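Visitor: Sequence:
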Amino acid sequence: MRKVTYKNIHNFFKFNGVHLKSSELQIAGYYLIKEGNEYEKAIGEFLLDWFDGKPYIDLQTSGTTGIPKRIRKNKQELVNSALATGDFFNLKPGDTALCCLPVQFIAGKMMLVRSFILGLAIDVVAPTSNPLADLNKKYDFVAMVPLQLENSLNELHKVRKLIVGGAKLNDSLTKKLLNTNTEVYETYGMTETITHIAAKKVGEGAFTVLPHASISQNEKNCLVIHAPSVSEEILCTNDLVQIINDNQFVLLGRMDNVVNSGGIKLVPEQIEEKLVNKIKTPFFVGGIPDAVLGEKLVLVIEGEKQEVAETVFDVLDKYEKPKNLFFVPKFERTESGKIKRKAILKALE
Numbered sequence: 001m002r003k004v005t006y007k008n009i010h011n012f013f014k015f016n017g018v019h020l021k022s023s024e025l026q027i028a029g030y031y032l033i034k035e036g037n038e039y040e041k042a043i044g045e046f047l048l049d050w051f052d053g054k055p056y057i058d059l060q061t062s063g064t065t066g067i068p069k070r071i072r073k074n075k076q077e078l079v080n081s082a083l084a085t086g087d088f089f090n091l092k093p094g095d096t097a098l099c100c101l102p103v104q105f106i107a108g109k110m111m112l113v114r115s116f117i118l119g120l121a122i123d124v125v126a127p128t129s130n131p132l133a134d135l136n137k138k139y140d141f142v143a144m145v146p147l148q149l150e151n152s153l154n155e156l157h158k159v160r161k162l163i164v165g166g167a168k169l170n171d172s173l174t175k176k177l178l179n180t181n182t183e184v185y186e187t188y189g190m191t192e193t194i195t196h197i198a199a200k201k202v203g204e205g206a207f208t209v210l211p212h213a214s215i216s217q218n219e220k221n222c223l224v225i226h227a228p229s230v231s232e233e234i235l236c237t238n239d240l241v242q243i244i245n246d247n248q249f250v251l252l253g254r255m256d257n258v259v260n261s262g263g264i265k266l267v268p269e270q271i272e273e274k275l276v277n278k279i280k281t282p283f284f285v286g287g288i289p290d291a292v293l294g295e296k297l298v299l300v301i302e303g304e305k306q307e308v309a310e311t312v313f314d315v316l317d318k319y320e321k322p323k324n325l326f327f328v329p330k331f332e333r334t335e336s337g338k339i340k341r342k343a344i345l346k347a348l349e
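Here full-length UniProt numbering is used: the first residue of the sequence shown is 1, the next is one more, and so on.
These aren't lab readings, by the way, just hints derived from the structure by calculation. Just so you know, these numbers come straight off a predicted model, no measurement behind them. From the three backbone atoms N, C-alpha and C, an ideal C-beta is built for every residue, glycine too. Among the hints, erroneous ones may be present.
[As the list claims (entries may be wrong)] DSBU-like cross-link-like pairs, simulated, lysine-lysine; straight-line CA separation at most 30 Å:
#, residue 1, residue 2
1, K280, K158
2, K265, K330
3, K3, K168
4, K346, K69
5, K323, K220
6, K41, K69
7, K318, K305
8, K75, K200
9, K54, K14
10, K321, K175
11, K323, K200
12, K75, K14
[Said to hold, decoys possible] Each pair of labels, with its calculated beta carbon distance range:
#, residue 1, residue 2, range
13, S229, K54, 16 to 22 Å
14, V4, I27, 22 to 28 Å
15, Y56, H19, 24 to 30 Å
16, Y56, D317, 45 to 51 Å
17, D290, V4, 51 to 57 Å
18, R72, P211, 24 to 30 Å
19, K3, D52, 18 to 24 Å
Please put together the full structure from these sequences, using the hints given.
Guide: Here it is in structure tokens:
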């Protein structure tokens, strides 16, 4: 059997309803750059990059935990990721797909690559907060960020299978999704792993690793990813995990969010899980410098200042109770919807 490479375009592939070959996609790329709006120009630039004959492509990281940067990946690694996704989610040639994510970033790019390689019929629309609102057809496979999913609950009957990534699903949204007929999966991954290397159906506790990856833990209990088909390097993450078995793990929080308060190490995400049904507006907990404790735990709530009853904190252990409470009118967020914790905490010091 001939190996699938980045030079292949599946004969079932369609772009906005039209069968296009690689040469025609290049022409479409030129047209989109010249005549399109901002999101279409990004698509055009990607099409030209993908079919430029070079075996590599430069990608932009999101900058969630640091300064955004450009990394170079082999196009074959993107193809391998697409094949793994197709196997895991049982995608078939001719399945319909929707790209409603910005193609400047890897998640949007990969929706196009999956379509080239797997033979999906993809429609591309503007990356709005409610991308399904004006669409009158059904799709087999869609990717979104949580904000888009939250705003699309009344339209989910248009989607058979949906993956969501970029930020954690909150408890309220998860409960709403349990009543839908759409198969919704939360994904785990990053630009360096060419998007997801694991996924879990909404409502499940543990992520299941895709067949092209394997996992372990380092001495800090952080996840280590070995996925040679998509990354030449073994990736040591800052994500604290509990390994269930060879291909399942529970995500506990991020090592770089851990607060060391007087020698007690506190994981903000675990504290937030306890408070999620007590505080109705967006919030997070984190650490700021303290002369006595080194760091002190604080609670930061989005919105105008309000009274917070002491009973809210009854679900917390002694050391988990915040020392201070702050209100921020509007949280700074990444394009995928993640709260920029470190930037907000820095401003509060």
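Visitor: Confirm or reject each hint.
Guide: We went through each hint and held it up to the structure:
no.	hint	result
1	K280 with K158	holds, 29 Å
2	K265 with K330	holds, 28 Å
3	K3 with K168	violated, 36 Å
4	K346 with K69	holds, 21 Å
5	K323 with K220	holds, 26 Å
6	K41 with K69	holds, 21 Å
7	K318 with K305	holds, 25 Å
8	K75 with K200	holds, 26 Å
9	K54 with K14	holds, 23 Å
10	K321 with K175	holds, 26 Å
11	K323 with K200	violated, 35 Å
12	K75 with K14	holds, 20 Å
13	S229 with K54: 16 to 22 Å	holds, 20 Å
14	V4 with I27: 22 to 28 Å	holds, 24 Å
15	Y56 with H19: 24 to 30 Å	holds, 27 Å
16	Y56 with D317: 45 to 51 Å	holds, 49 Å
17	D290 with V4: 51 to 57 Å	holds, 55 Å
18	R72 with P211: 24 to 30 Å	holds, 25 Å
19	K3 with D52: 18 to 24 Å	holds, 21 Å
Violated hints, in rising order: 3, 11; the structure is consistent with all others.
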